[in-house]
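Novice: Respectively, the protein sequence lines represent chains C and L. Each residue of the first sequence is one higher than the one before, starting from 0 at the first, in numbering that gives the first Met the number 0. Each residue of the second sequence is one higher than the one before, starting from 0 at the first, in numbering that gives the first Met the number 0.
In short, the hints are calculated from the structure, not lab data. Please note that the accuracy of each hint is not assured.
Same chains, same label: a pair holds when it works inside one copy or across any pair of copies.
[As the list claims (entries may be wrong)] Mimicking PhoX-like on lysine-lysine, the simulated pairs with C-alpha atoms at most 25 Å apart in a straight line are:
(1) K122 to K227
(2) K244 to K122
(3) K96 to K227
(4) K93 to K122
(5) K244 to K181
(6) K122 to K33
Computed from a prediction, not measured in an experiment: that's the story for all the values here.
Protein chains: 2
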Amino acid sequence: MIRYKVTLAYDGTLFSGFERQPDRRTIEGVLTQKVNIMAKNPDPAIVVYGSGRTDAGVHALGQVVHFDFPFDLPTKAIYRGLNSLLPLDMEIKKAEKVSDTFHARYDVSGKRYVYRLDLGEFKDPFKRNYTGNWRFPIDIERVQTAMKDFIGEHDFSSFVASGSTARSNIRTIYEATAYLDKEANEIRLEFYGNGFLYNMVRIMVGVVVEIGSQMRPEHDILRLYDVKDRDQARRTMPASGLYLKKVYYEGEDPQHPTKIPKHQR
Amino acid sequence: MIRYKVTLAYDGTLFSGFERQPDRRTIEGVLTQKVNIMAKNPDPAIVVYGSGRTDAGVHALGQVVHFDFPFDLPTKAIYRGLNSLLPLDMEIKKAEKVSDTFHARYDVSGKRYVYRLDLGEFKDPFKRNYTGNWRFPIDIERVQTAMKDFIGEHDFSSFVASGSTARSNIRTIYEATAYLDKEANEIRLEFYGNGFLYNMVRIMVGVVVEIGSQMRPEHDILRLYDVKDRDQARRTMPASGLYLKKVYYEGEDPQHPTKIPKHQR
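Pulled out of the complex, with its shape left as it was, chain C reads as follows (with noise of 0.2 Å):
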């Protein structure tokens, strides 16, 4: 068996998601499915192990799976073959041979997001499936100051939503950054963190939304992580603005080379 590395690209729009269900569109359903037929439908079936959920509607520039294959097939026909079986809301943007004892799920050291959120007082035709929308006034100034207040590690308790099951919300974020794209009317949220839990990505832009529109003080955040208590962060902006950006393998970046450590996943 060789295991394979792959880097795909998905339009979370029609999709219920990334984990596989039954009677479901999903990521993980689908490309499992592809990647069995690819293989000719090998008893017992090949598994798919993605470095971990998207939820509906939320997009993946470079979302990261692993799995076995029976051939030892050149990246390049895995890449092809795939792309050619898959639907055109997915693709494969890279295929790499990789040793077996990578995992794309336990060996993450990272992951990046980026939340695009269009200010327009309508929500222009092609973007309401790929933007959040915010149609108070905002000040780009106090959003940027307010990203600062998540970089560090911090219990993120007061920014993850119930259903969560890890086993601690302590969360280490490198680096958080907002941009105004004036032609687009648009900023773009950028998170780097070393794991992020169910939700908190979409909970963290529903809190510096409302401190760049002056909603809550300027440092609030800080005020979330000691209440830890969801119920005050209450806005969870829609899935159609974030997308999974990069997912980190150990030893990838150099400045955050480790992984997240098992009793914290």
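Take the given structure of chain C and dock chain L to it, following the hints.
Specialist: Just chain L now, with coordinates in the frame of chain C:
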């Protein structure tokens, strides 16, 4: 009755084109329904007149319609009211009051279309509904040279799909440009002329990409004008790449002020 001129954008993906049809979701159908709801469903119903049709899957950044409304509302009320009623894949960009001699179709002096051509080996999942795709090596300078052959008054009989009801196939193209966006890995083709025949832009793009990829001689467009034979233009590029960008009315463009003569429409 007050006549309003309304400029709108739409994502054509989920519409069966512009023209009203029973049991189909069309731009004209949805818009007519919402305008009549806003006017409290008068009898006879308000009729919406478009600048012309767009096909199923074709998008608009600046389609124009007019209608006569029973109440004298401020343009801002028309703008906001319609935007609140319309589905998320349509958006009113502008509402204006016009004289009751203005006609959205008969007073058109020109139209501007853009075609987005993705050059990726596999179709980008975020572009599948928003670009056409061309996988062959293509020389942008050859494309640009070919585009110049469109400029001027020509007989476009080789560039019209069967089913056209136009009285004449003579049209004048004022501008025809091609631009390679390396970062997006796309060619953007832009056409501005006094009128376009059925499927004409998509057929024109099919010919220039074949020229750009050495499948036709550099000035094959000149030969196609002469032969007046649609079969020789072959390819109609996908609707998903085409955008109606702007509709011009008499006098709006000082360089090309007059509308197309009625016998040519």
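Novice: All hints are to be evaluated individually against the structure, with a verdict given for each.
Specialist: We went through each hint and held it up to the structure:
In this assembly of identical chains, K122 and K227 lie within 25 Å of each other by CA distance neither inside one copy nor across copies; the values are 33 Å within and 44 Å between. With identical chains, the CA atoms of K244 and K122 are at most 25 Å apart both within one copy (23 Å) and between copies (18 Å). Taking the closest pair of Cα atoms, K96 and K227 never come within 25 Å of each other, the shortest separation being 42 Å inside a single copy and 54 Å across copies. Taking identical chains as interchangeable, the C-alpha atoms of K93 and K122 lie at most 25 Å apart only when they sit on different chains, with a minimum of 14 Å there against 33 Å within one chain.
Within a single copy, K244 and K181 get their C-alpha atoms as close as 22 Å, and across copies as close as 20 Å, so both meet the 25 Å cut-off. Taking identical chains as interchangeable, the C-alpha atoms of K122 and K33 lie at most 25 Å apart only when they sit on different chains, with a minimum of 17 Å there against 35 Å within one chain.
In this structure, the earlier hints numbered 1, 3 are contradicted, and the remaining ones agree with it.
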